[in-house]
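Participant: Each chain, letter by letter, is given below.
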Amino acid sequence: MNVTRRQFLKVTAAGLGSSSLAMLGFSPQPALAEIRNFKLARTTETRNTCPYCSVSCGVLIYSLGDKSKNARAEIIHIEGDPDNPVNRGTLCPKGAGLLDMIHSASRLKHPEVREAGSSEWKRITWDDAFTRIAKHLKADRDAHFIKTNADGATVNRWNTTGFLASSAASNEAGYLTHKVLRGLGVVTLDTQARI
Amino acid sequence: MAWQSLDIRRRSATTTPMPQVRESTEVAKLIDISQCIGCKACQVACMEWNDLRCEVGYCVGVYDNPPDLTAKAWTVMRFTELENDGRLEWLIRKDGCMHCQDPGCLKACPAPGAIVQYANGIVEFHQEHCIGCGYCLTGCPFNIPRLSDQDHKAYKCSLCSDRVAVGQVPACIKTCPTGALHFGSKEDMKEHAEQRIIDLKSRGFANAGLYDPPGVEGTHVMYVLQHADHPEWYAGLPQDPAISPLVEVWKGWTKPLAIGVMAAGVLASLIHYVMKGPNEISKETEKEVENETRPE
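As they're listed, the protein sequences go chains A and B. Using the numbering used here, the first residue of the first sequence is number 5, and each one after it goes up by one. Using the numbering used here, the first residue of the second sequence is number 502, and each one after it goes up by one.
If we strip away everything but chain A, and leave its shape as in the complex, we get (with noise of 0.2 angstroms):
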């Protein structure tokens, strides 16, 4: 290509005199409104219970997918749950981190046995660490469970083995664990729920 002395000084100006009305604010770009798209919109909200404190907070867990079967599911967001009359809405900061303790990779998400004398931990299935706990209790239970006192009444105690409840239990969970453990004869029973 050709190009004279006097075109390439035509095109030089025409290009500095565009960019510098450019400048001055002759060609703005168009001024739209630009805020982040609401992150939780369509993804699914599930309540549960904070884990942490004997507080018992409720949380909404908002994570990816409408729980469809080729959409897999990921915790994206967890917030305080303003129906729960503990905390309505509010969350400490141990609270408002949940979604890092869920992701944690030391998070314990399985069973696991130490056996006695290792120095491992084994990962164990649930129903083996169902059989294996209730194996301890009959055993306990049998070995040590009154079932009369030094004056030949009836007393059905099972001073040996203690129970610590969930504070974030129902009361319908709550009444479940009462009568199972003061079936068994079970006296020292407590929760974790009074801090």
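By construction, these hints were calculated from the structure, which means they are not laboratory data. Computed from a prediction, not measured in an experiment: that's the story for all the values here. Glycine included, every Cβ here is placed at the ideal spot set by N, Cα and C. Mixed in with the good hints there might be a few duds.
[Claimed, not checked] These stretches of chain B come out as covered by chain A in the derived footprint (C-beta under 8 angstroms, 3 or more residues):
| hint | region |
| --- | --- |
| 1 | 656-664 |
| 2 | 672-685 |
| 3 | 774-783 |
The hints should help you fit chain B onto chain A, whose structure is shown.
Facilitator: Frame of chain A, contents of chain B only:
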């Protein structure tokens, strides 16, 4: 009226007028310092909602953690131990963007659209337009924006404009366990503050008051202070904040003047071209000059 605003009231480095017809509620955050216990739930909720995770730091001997605002920590609790009239007071101020009605950052910003103010009063940074010059840091009377080392762009609190736009309160407000943080129309917040101030005065804080500094035409984040006559006691909250005179001088008259001088130069050249025309040299003169310079 809904909080949502699709209208931009002001836009950095832009001279075209902004839409003004639709009416919008002015929103405000009210921070009641007398009810804050410094739990930092607001800090955590802010990071969680805005997808920020600042680096795990070290204890520097005070409760402030992180010790300062960063590009990834948009709000920070500042703790002050004050000995006043033989009593120890623990003043805990939630620091962060004040969302000024007359934002110094926006005025100082040279990048079109990097800083906008919505009609509801929220001042927001749009990092994709940010050129990383840091003028907003100079322009801010409260020392709030921070440049990121990662992308060299400025960041600060957005008042969760994405939540507010759909009628939700900002993340910090929702999580606050003591109810020290409030959000709503600026009018309602001022009314609530009045009640709180009456209560504080009845409890012996004679100088309790609202911090809504007129130097920046008021803010959309306001404090209820127990000692409104001494805002500097609260980790150096400015007594009478104003936009730096440097910004006013540069954006106020130096820049228009320079543009005027440039325009005058262009105009003068045009007039010269019309009046005098291009400098024409006759063939004879050219020949003469050639003969003069040619070595003999």
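Participant: Compare the structure with each hint and give your call.
Facilitator: Here is how each hint holds up against the structure:
1. Remark: the region 656-664 of chain B is confirmed as covered by chain A, as 4 of its residues place a Cβ nearer than 8 angstroms to a Cβ of that chain, reaching the required three.
2. Coverage of the region 672-685 of chain B by chain A holds [criterion: at least 3 residues with CB-CB distance below 8 angstroms; count 6].
3. Interface restraint, the region 774-783 of chain B with chain A: violated (0 residues with C-beta to C-beta distance below 8 angstroms; minimum three).
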